[in-house]
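Please work from the sequences and hints to get the whole structure.
Here is what each chain is made of, one letter per residue.
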Amino acid sequence: MMRALRALVRKDLTLFFEDRRAVVLSFAAPIAIGAFFGFLFSGGGGGNAKIPVRVADLDGSSVSRAIVAALEKDKALEVKSATSADEARELVRRGKATAAVILPKSFGEEAVNAFFRQTDKPDLLLLRDPSHTAEAGMLRGILTQHVMEVVSKEAFSGPAGLRSARQALRQVSEDKAMAPSDRKDLTVLLQSVVNLQEHSTSEKTEALGPQGGIGVPYDTKEEEVTAHAGETYNGYAHSFGGMALQFILMASIEFGMGILIERRTGIWKRLLAAPLHRSTLLLARGISGALISLAIFLVCMGFGMAVFGVRVQGSWPGFLLLAVAYALMASAFGLLLAALGRTPEATRGLAVFAVLILVMLGGAWVPAFIFPAWLQKATLLLPTRWAMDALDGVTWRGLGLASALPAVAILLGFTFVFALIAAWKFPSEEG
Amino acid sequence: MAPLLEARRLAKNYGTLRAVEEVSLSLEPGEILGLLGPNGAGKTTTVSMIAGLLAPDGGEVLLMGRPPSTNGAAKRALGLVPQDLALFDGLTAEANLRLFGALYGLGGPGLDRAVKEGLAFVGLSERASSRVKSFSGGMKRRLNLAAGLLHDPSVLLLDEPTVGVDPQSRNAIFDVLEDLRSRGKAILYTTHYMEEAERLCSRIVIMDHGRVLAEGTAPELASRLPHPTRLVAELRGGGDGEGWIGEVGKLPGFSRVSIEGGRLGATVENLAEGTSALLAFIASRGLELASLETQRPDLETVFLALTGRELRDA
Ligand SMILES: Nc1ncnc2c1ncn2[C@@H]1O[C@H](COP(=O)(O)OP(=O)(O)O)[C@@H](O)[C@H]1O
Ligand SMILES: [Mg+2]
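Sequences listed follow chains A and B, in order.
For the first sequence, my numbering begins at 1 and goes up steadily by one.
For the second sequence, my numbering begins at 1 and goes up steadily by one.
Just to be clear, a hint being listed does not mean it is correct.
Said to hold, decoys possible - Restraint-style ranges between C-beta atoms, simulated for each label pair: (1) B:E126 - A:E345: 34 to 44 Å; (2) A:A35 - B:S134: 43 to 53 Å; (3) B:T294 - A:E345: 49 to 59 Å.
As the list claims (entries may be wrong) - Covered by chain A, per the in silico footprint, the following chain B stretches (three or more residues, Cβ under 8 Å): (4) 47-55; (5) 78-89; (6) 95-104.
Hint data in this document are derived by calculation from the structure and do not stem from the laboratory.
Beta carbons: idealized from backbone N, C-alpha and C, even for Gly.
Rendered as structure tokens:
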């Protein structure tokens, strides 16, 4: 028994290690993918991308300008300006910016006033892309820090602060409802602020910030920018889209392998012996591959819609065009494998590896915005990246047909190139 | 008049390997031409060139005296039955035939009829709607044959159509081929089985290492041999030759000595000398001779004489 067992195990190991390519892939694939995610989540490789933020300063006061300047200096942000809330909202919806900060009219003055008295706080509008939850948290913190810094500095040293402190002093002394001890303390505090402001511009006073009745001088009104106001973000849209894209490519591999297997049996000979051109055979394969891919796409997204409430918030024609273009690209990819591959065994492993890399870098597993900036740029060479972004666009971002067209064009371009190489490289003889 | 199908000095190289060199053959209606040779002789390569699947490195193929047209008429005139089973396992027998018929432009009632007749022809009507993967090897071979006949080609190229089949299926296939011959089809029959070529083929081309070694009817080929005769003696009292069979092999001019069930066989260079030597040996051993016959050499002998090798071990 032991002898047989040993012999059987040895046979399996020999056969496994015999196939060099399979061996390399079995070890290389987990290493490559593991390294990639490690790199991604440990912020390696030149640091994470800055968060792209649009700021609309509708106030234009010294306070609001100082806030904008502070945000611009922040290393974590890449700040660009916007002229209106609507423009900013559209940019976030398109995914051009992760978030937008809208400082409304007279925000500066109201915030400084509210610094001493927690009433009538102005609203700061934060528009954010709902798929970027982590960045939103970070942005909230950064905003609070900069607004507090600017407003408190203004409150303790700027003219608006002096005005505001005097006014607050008056209000405190007139406020009958306030407990006498509170009134006494606040009066002392505000009086010293006024005194301080009157003969000095010392910045040490900032230390007073957290004391007394002083607090965050504004409210944040957050808005998730989705297809329509009031619509909530559905994370399944991205995950179902991503998995559809991945498994369509996986199916294409099997499709290409089917051709290689047919070529090994006599079937391909029989097909070529018939009065047909080789291109008819390849075209037929391309069409059936595309139909299968399309079916996978529609069933997968249809399931997401039926069960998880995924919606095409944007353009249906765009969604369908993307589906068709991606199906054609995947089918041509299968033909390419069949044209370049020698045997199914040798080709399959390599193809699976290529597909995993394609979908991973395409942002199908984790969205591409998590990638470092250079990688976000580099992955624009991949059809999967275009498909994924455009699919996000027409589903939960609610973008129109025009947003999908560049991706459709690029997918069709890849289809064309793949098909061309396949037709060119496909063996013309069948011995 | 030009033959229906002619191959002239076909050649094909795979790298430095000369798989086929200067192979010529011709085929007439109502004829089964045997292309006989061991594995690796170049038979499949030759058939592939004739079927238009491989471009020859030299020579040409003529169909009705002309190079095959590229518009499909030539391909329609040919029916190929590949050596490797060319069937979709996951489809039923009928679906397979429908597909292959459609590739030749058949459709509608014409396709229905062709499929039905094809299945009946190879005795698979009852299994029409079974998937091919459930078929035995012999059934698959028969369906493989039927698939090449659907479009009623005038020339059939059969590449080892009986490999690995049971004797019953083989006989069924032979009946089909003889029927086709009687209907005037021209058939190129590739095989490495001597008996098949001898039984079925009107003419035989013997190939080895990519070259044609001889061509003719089976008797013609045999008569060309310098040492054509085989003696078969039925003996009593000698068992199966224990102790003395080796000595028979040492008799002058004797080769390929065999004994089975008391039947002693030997190929001799000269019939008269061989016969008297054998009779003398039998007498000296005190064996009883029950019968003695001479056989015309079979193809096995021909092949051995041509190549110095036995076909089966080749
Ligand atoms: N595609 C090919 N590439 C390289 N060598 C081949 C190829 N096909 C056949 N051969 C070689 O050509 C020779 C003839 O093969 P083949 O025509 O298949 O012989 P047969 O059909 O008589 O068994 C063999 O030596 C075989 O190994
Ligand atoms: Mg062969």
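Hint check results:
For the pair E126 of chain B and E345 of chain A, the supplied restraint of 34 to 44 Å holds, since their beta-carbon distance comes to about 37 Å. Judged by the Cβ atoms, the range 43 to 53 Å given for A35 of chain A and S134 of chain B holds: they are separated by roughly 48 Å. The given range of 49 to 59 Å is respected by T294 of chain B and E345 of chain A, whose C-beta atoms sit roughly 55 Å from each other. Look at the region 47-55 of chain B against chain A: 6 of its residues bring a Cβ nearer than 8 Å to a Cβ of that chain, three or more, so the hint holds.
Counting residues of the region 78-89 of chain B whose CB falls under 8 Å from any CB of chain A gives 9; the rule of at least 3 is met. Note: the region 95-104 of chain B has 3 residues with beta-carbon separation from chain A under 8 Å; the three-residue rule is met and the coverage holds.
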